[in-house]
Amino acid sequence: MKIILRISFIIALFIQMEGLIAQQGMFYQFKFKNETKLKGHKIYYENLTNNGDNMQIDVNKILQKQMSFLFNTYAGISKKKIQNYISWTRDYPLFEKVNTATEADVVVGGHYIIKTYVDIEEKLAYERQTNIGGAIPYYEIRQTNTAEIHLVISYTYKDQSIYYDTIDIVKAYERKPKTKYVSLEQLLEKCQNTLSVKSSELFRFYTIDHIWYKFPKVKSKDKALKQELKDAGDLLASGEIYKLGNLYKRIYEADNSNKTAAFCLAICYELIGNYPKAEEYYAIMPDFHAKIRMKENRVLYNYLISIREKLPLKDF
867 MKIILRISFI IALFIQMEGL IAQQGMFYQF KFKNETKLKG HKIYYENLTN NGDNMQIDVN
927 KILQKQMSFL FNTYAGISKK KIQNYISWTR DYPLFEKVNT ATEADVVVGG HYIIKTYVDI
987 EEKLAYERQT NIGGAIPYYE IRQTNTAEIH LVISYTYKDQ SIYYDTIDIV KAYERKPKTK
1047 YVSLEQLLEK CQNTLSVKSS ELFRFYTIDH IWYKFPKVKS KDKALKQELK DAGDLLASGE
1107 IYKLGNLYKR IYEADNSNKT AAFCLAICYE LIGNYPKAEE YYAIMPDFHA KIRMKENRVL
1167 YNYLISIREK LPLKDF
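If you read the sequence shown in my numbering, its first letter stands for residue 867, the second for the next number, and so on.
Calculated directly from the structure, the hints in this document are not laboratory data.
Using N, Cα and C, we set each Cβ at its ideal position, and we do this for glycine too.
Any given hint might turn out to be false.
[Claimed, not checked] Here are the simulated distance ranges between beta carbons:
no., residue 1, residue 2, range
1, Ser934, Pro1003, 19 to 29 Å
2, Tyr1030, Lys1056, 21 to 31 Å
3, Glu1051, Glu987, 51 to 61 Å
4, Thr1060, Asp985, 18 to 28 Å
5, Ser934, Asn900, 43 to 53 Å
Model the full structure from these sequences, guided by the hints.
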């Protein structure tokens, strides 16, 4: 399965090609990395139990932060200079946080333990042998500081089946001459930073890529539509994908032989996540690169409906 979520900041660019002006937009493309165990739309997070006495790292705070990122990313919350166009994330979040375990499709829970310890070992060593006599023995004290975090994360589904993920982090420092001392507190901080990274991988099922979409120049015999086409570049530059898609749709409906308008309309459908419609209009003017993308997008669509069965699709 592959998933591509586009949260796009458009950069408009005009280039000359054989006397025609084409508009290009760069989009941030999120591709599927691996399937998560969040198999369901409604998620309940149950604080992990601390099975030890060490409470120096707030494990639940870190995991809740990752869950919040999950809910916000797929709920249409835009970041600065980044616009989210995918229809099902704008108004209908892919994942939804619920307040009780009974109403959840997946309950995330589990337990963890944090350990710190210091090992001090006395070892016999020898000085270098000299011309005067043999090597002189002496005892060398070696100290090793260690910090560990071990997590077992459970995913309980409505049918009471359970799956598990584990995270094991160990940071150690052996004290040696002429090396900077690393305390247990510093090792715990390193463990905490590593946990933030590793926990994000539990729920993040995509990698980030970049892709350029090229809109070929569209012509129209209709005077009013021809006038509106003059603003197509500005609509692309400002991220008005719904307005741009509506324009290309009206042009194609006015002239069904206008394959270029159909192709541009297909791009707009792809950008808002209506992949079935995008496939329909790409078929009118086939393109190799679009065909490859739509193969991935169709897998995306199938993956999304496995999480949320009724996936709302918007139109222009």
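Hint check:
A hinted range of 19 to 29 Å for the beta carbons of serine 934 and proline 1003 is inconsistent with their spacing of about 59 Å. Judged by the Cβ atoms, the range 21 to 31 Å given for tyrosine 1030 and lysine 1056 holds: they are separated by roughly 25 Å. Taking the beta carbon of each, glutamate 1051 and glutamate 987 are about 22 Å apart, not inside 51 to 61 Å as hinted. Threonine 1060 and aspartate 985 have their C-beta atoms about 21 Å apart, which keeps the hinted 18 to 28 Å range intact.
Checked against the hint of 43 to 53 Å, the C-beta distance between serine 934 and asparagine 900 comes to roughly 21 Å, which is inconsistent with it.
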